[in-house]
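Protein sequences, first through last, are from chains H and G.
Quick note, the first sequence lines up with residues 0 to 387 if you use numbering that gives the first Met the number 0.
Quick note, the second sequence lines up with residues 0 to 499 if you use numbering that gives the first Met the number 0.
Worth flagging that the hints you see were computed from the coordinates, not collected in a lab.
Some hints could be false.
[Unchecked claim] Calculated pairs, SDA-like style, for lysine to any residue (alpha carbon to alpha carbon, straight line, at most 20 Å):
hint, chain 1, residue 1, chain 2, residue 2
1, G, Lys400, G, Arg438
2, H, Lys259, G, Ala461
3, H, Lys324, H, Ser293
4, H, Lys194, G, Lys458
5, H, Lys324, G, Leu470
6, H, Lys194, G, Leu475
7, H, Lys259, G, Ala462
8, G, Lys433, G, Leu470
9, G, Lys433, G, Ala462
10, G, Lys458, H, Thr290
11, G, Lys458, G, Gly439
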Amino acid sequence: MAEVKVTTRTRRVAGSKRAAKPSIDTTRIAVVGIPASGKTTYFRFLSGHFGLNLPILYIPSRADNGTLPLFGDLENDVALEETTYETTDPTDPEGSLETTTRFYVNRPMEDRRKLWVELSAGREDQGILTKYPLPTKFNQFVEMKMRFRYGAPGGEAGSRPMELQTIDEAGGIISDYFTYDRLWLDTVEGEVSEKTCRVIPHFDSWRPDRRDLWRRGLTLLGRFVTGADAIILLLSPSLASLRDQAQQVNLARGVFRYVKSRNLPLVIAISKSDKLKEFYGEIEHAVRERTFLSTFDPVDFLLRRDGAGMGTILVAQEGRGLSMKEDVFLVSSAVSTGEGHPLFVGESGEEAPNAGAPTMGVPVMVNTTLPLARACERVLERRATKER
Amino acid sequence: MEGNGTRAAASPRERNVLLLDLSKSMLAPLPEPQNGHAEHQKIEVARTAVFRILQDAAASGTLFGLVTFTETVRVPVPLGEIRRENLPYIENLISMLAPSGRSAIWDAMAVGADLLRMGTDGVRGNLVLVTDGWDNASQRFDVRASSGTSLGAGRLDLGPYLLPANSRLTLRIIGIGNGAERDKGVDAGRMNQFLAQLTDRAQQLGLPPAFSFQEVTTGSALFAQMVHAFIDVGYEGDQAIEELHPEELARHAASAARALKEPQQHATVSRIQPGRMSTPPAAEAAYREAPEMEIDVVAAGPAGAPAYLKERYGPLGEVVEAYLSGQYDRALELLARSQAVLPPVTQLYWEARVQFARHAVVEAARALLQAWTEAERLPEASQVPILRRLAMLQARMQNDKETETLVKFIDNTEHGLAQSDPKTRERLMALFGKLMELRGTYQLTRLAGEGDLQDAALKHEAAVEEVFSLLQDARLDLSVGGPVIEGALDFIEICLAEMR
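Starting from the given sequences, assemble the full structure and let the hints guide the process.
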């Protein structure tokens, strides 16, 4: 992103509540998904959109030319805030956590190519290039907040401040929390107990420090989603590992139970959709031929051709707080041509050549803003209904 | 060891007392007319069978007692739980039991009854008498030759002593040899008279008459009467649940889920009925006069058959041994010889298994079909695990890996939990049962038309949710249960995810 500022480094005792930044009437939308489901990429590319106005491709093509009432929060100046919670010493009896916050601000970078590297580097490179000290998995979580504004169509008060949030580097914790409803918290002060953590397979066999960190992560997540106004569920297609597939299905089923029990709006984003061959075909066609109007039918694709491997699960939810047509989206935050090469479009909007001298180009994003806009719309609809 | 009468609520089936004749005639050889079988002394055969019974009692946790008799009645093993660590000592003790003298059969039966006596609840349990002779030494008890005849001077009537009011006694008498001529075999006439008197008494008292007399004339028949078994051996490449890598476990579970999702391609699964997933506890099993069948799966190591097969399982052990060493024709030959003494389902199963190994597919299929029919006749306690073994063989014959994986996993789990708390075992098997039931709701989502699809999907998801809820409770309650339990729960969890 434009500029990264690493600012605070504080030491806090575990369990003490962090003072929330004052935000008036902010709507919080939680993004959840299994590990490597695309949460980080989704956040960073959306932030890129709000900070740098990265273009987004829509498939199927939108009749309104892609107009969405989403805006960067220019008043705030901060597009994305990432706070790393790190246990410096897992054996510390007080269980202290250190926090480091990075702010990604709304100023463009000179080299857009570098921007791509930062945004799309593989997990290994991320650690070296830009991100957190490795290993990230077992000793830290990252709370990500993206600030933006949403203006309800026809709304009288103009746009409203919104926050998109996730606990990054915690896909395993997110999966466990939603999968096992015995872990669910009912209040923002609640705490996941060691005893209920035993619902997680093999929990007792873990190292004590990992068990403790996991329990804290679950508590953090539980409190975080307890205060959420809506949830965006990221589902990753074409998972090679059967365990990952099972984890994702269990998470999805858990999220359905959760939103039903809390009466929360849910929007589903099938991330990395460029991995789905038919969908990629549409992207490629749209990039090569600027006049191409895609009529791709996502509902038909998902239900009848099982694009996300969710089969009857999605069918069962239809009409029960979820509409396949309006609440499920195929998205791709960083389209890849395969073999790790990003797909760029140049200034003219056509595919930038991959070989030869480095070309100015911006990464291709597909439908990335749609789930967010829909989540905002549903939250505000619900609020309006309550106010009436 | 637990003494007489200390378990007031125990069921008759959990309490077994064996009365073993150690009179001098037990040293005589027992004919084995079939070629290739060496003659054995009666006592040798009986000892081998007792070892096997003891091992089984140690494995199952049932109470067991041993009474031996010559003209003196002794109790070498008082009624109690046979602990595995005590087994070598008890076996050593039994190996030293040497026949001598005469037979005090009636006095021994009274002592056996005393071990099973539970105060006002009468005599409760199973009494098995193994004898080769006539009573010629009892001093305290006698049996009337016929109704109304007198007893020996100063002796008590064994019938009422053995069967007081409120009793729940089963009595099996295994008589060795034909006793038409005195001292050449069991006194069959007297035994049958006695059982008739006991039956009359049971009817008068309103008790179930559960008394039988079986005459055996060969060593194989004696062993088979004492040890009624279905044994199986694992297949090559079998891996224990706890040895599976998590990704491997996931692969197995996904494969097994296909067996549930595609019933047409995996018809064998329908033979494993979800409601009959677990072996019912002995106490709940309906009474049958036929002896309970022992079911065991023997692990075949890389070196081939376990060394003790013949000793533990008699003629069937020899068949299995030949099979494991690749001598299929010999295995079939031995099987044919043992036909009379083996339970039909065991004999047919092994015929199918050996024929399949010989690539005689038609013969194997025919034998297996008959085995299914025989299995349906078994008491439920034996039937459930045997059906699974038949299903596994059938799946293998049909190259149906998915069904084989599913059934094998369920079977391995139950086997792996043999020593654990029965409630835990039942709970896990019930979970497997619930998982199997999802076949029905899933199938409806495949068959439903456009309009009904959502309704079917909704029902299926609700059913999945119910099982998942039970699974979570099991995870919380059984978190320290060990690798077999965890493996089973992981398997079910992944199967659930696959049912979509």
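Against the structure, the hints:
1. Lys400(G) x Arg438(G): Holds - the C-alpha atoms of Arg438(G) and Lys400(G) are around 17 Å apart, at most 20 Å.
2. Lys259(H) x Ala461(G): Between Lys259(H) and Ala461(G) the Cα gap is close to 13 Å, so the pair holds against 20 Å.
3. Lys324(H) x Ser293(H): Judged against 20 Å, a Cα distance of about 16 Å means the pair holds.
4. Lys194(H) x Lys458(G): violated, 32 Å
5. Lys324(H) x Leu470(G): violated, 33 Å
6. Lys194(H) x Leu475(G): Satisfied, since the Cα-Cα distance of roughly 8 Å is no more than 20 Å.
7. Lys259(H) x Ala462(G): holds, 17 Å
8. Lys433(G) x Leu470(G): Cα-Cα ~10 Å, so holds.
9. Lys433(G) x Ala462(G): holds, 9 Å
10. Lys458(G) x Thr290(H): The hint is violated at about 45 Å.
11. Lys458(G) x Gly439(G): OK: Lys458(G) and Gly439(G) at ~10 Å, within 20 Å.
Checked against the numbered hints given earlier, this structure breaks hints 4, 5 and 10; the rest are met.
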